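Colleague: Residue numbers (the working numbering), protein chains in the order written: chain A, 1 to 141; chain B, 1001 to 1111.
Any given hint could turn out to be false.
Stated by the list, open to error - Stretches of chain B that chain A covers, calculated by requiring three or more beta carbons in the stretch to come under 8 Å of a beta carbon on chain A:
| no. | region |
| --- | --- |
| 1 | 1063-1069 |
| 2 | 1075-1082 |
Unchecked claim - If you want the ones that stay clear, here's a sample from chain A, every Cβ over 12 Å from chain B, calculated:
| no. | residue |
| --- | --- |
| 3 | Leu5 |
| 4 | Glu21 |
| 5 | Gly34 |
| 6 | Glu51 |
| 7 | Ile52 |
| 8 | Thr133 |
| 9 | Leu140 |
These are computed hints drawn from the structure, not numbers from a lab.
Keep in mind the model is a prediction, meaning the values are calculated, not measured.
Ideal Cβ positions, reconstructed from N, Cα and C, are used throughout, including at glycine.
Here's the letter readout for the chains.
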Amino acid sequence: MGEPLKFHFEVDGENFSSAGEASVMVKKKLRQLGFSPEIMRRVSIAMYEGEINMVIHADGGTADVTVSDTEIEIVLKDKGPGIADVERAMQEGYSTACDNIRALGFGAGMGLPNMKKYSDYLHIDSEVGVGTTVTMRINLN
Amino acid sequence: MLLADLMKRIPVKHISGDLPESFDGVYAGDLLSRAMSHVKADNLWITIMTNTNVVAVASLTEAAAVILAEGVTLIPEAAAAAEENGICILSSDLSVYELCRDIGAMCAETE
Ligand SMILES: Nc1ncnc2c1ncn2[C@@H]1O[C@H](COP(=O)(O)OP(=O)(O)O)[C@@H](O)[C@H]1O
Ligand SMILES: [Mg+2]
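For reference, chain A alone in the conformation it holds in the complex (with noise of 0.2 Å):
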């Protein structure tokens, strides 16, 4: 491939309605690419869960993807609230978001362990009252 291609997203943290357009974009893109549906099923996974984390918890942040001849990486940076306590927060079922998010299907508390199951790489960077920074990779062989 050479080069690796970049991609860069403002994710809005106003609409939790079309949340997920990130993620649907670097689908598009991994198919025109030709990538295999179990290396889009994985990306697609792991990224939607990450956007959807800043959308509903930290309003909004920037994604950007690498795509390179041995890895996809993702990394997901926002200026919220942060992780107090990453490791609770990684635990399944494990939930903060209130009623009204609920109401949409988010909130599961399934987000950080599919990141982490659907990832080969997961390193979060968090510190509370400044933000919290994802990154995931995704190996290619």
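For this one, chain A is given, so just place chain B with the ligands on it according to the hints.
Modeller: Showing chain B with the ligands alone in chain A's frame:
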């Protein structure tokens, strides 16, 4: 299974998007993170959720179609997104349970 066969026997209406010829398997559930990881490509996804996130999840998972149960309808914004993304939306007055029961019975017959 052929979608046309299902629609002949189970009261399911076509709302929008191209009707796929067939589907393979069913997932029922409303929590988006659960659906995201359990709806497989070519599945029918049965839900009572009606917001635009349904369209994103259906698109990302490559569901064959979404069946909205209990007669619910997509909010206008979601209907427009479904149209734009070519997501097939079906609707039924049956409950989630009744849809699962009836589609399950049909699948069992054809096996
Ligand atoms: N980007 C983020 N900013 C702040 N808090 C977050 C972020 N991502 C996740 N969290 C916290 O971690 C919890 C668990 O996240 P997740 O597993 O995705 O479940 P859910 O989003 O359904 O609540 C959230 O409820 C929230 O408290
Ligand atoms: Mg989440």
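Colleague: Would you mind marking each hint as holding or not holding in the structure?
Modeller: Outcome of the hint check:
1. 1063-1069: violated (count 0)
2. 1075-1082: Contact hint for the region 1075-1082 of chain B vs chain A: holds, 4 residues under 8 Å.
3. Leu5: holds (20 Å)
4. Glu21: violated (7 Å)
5. Gly34: holds (16 Å)
6. Glu51: It is violated; glutamate 51/A is separated from chain B by about 9 Å at its closest Cβ, not greater than 12 Å.
7. Ile52: violated (7 Å)
8. Thr133: holds (21 Å)
9. Leu140: holds (19 Å)
Of the numbered hints given earlier, the model fails hints 1, 4, 6, 7; all others are met.
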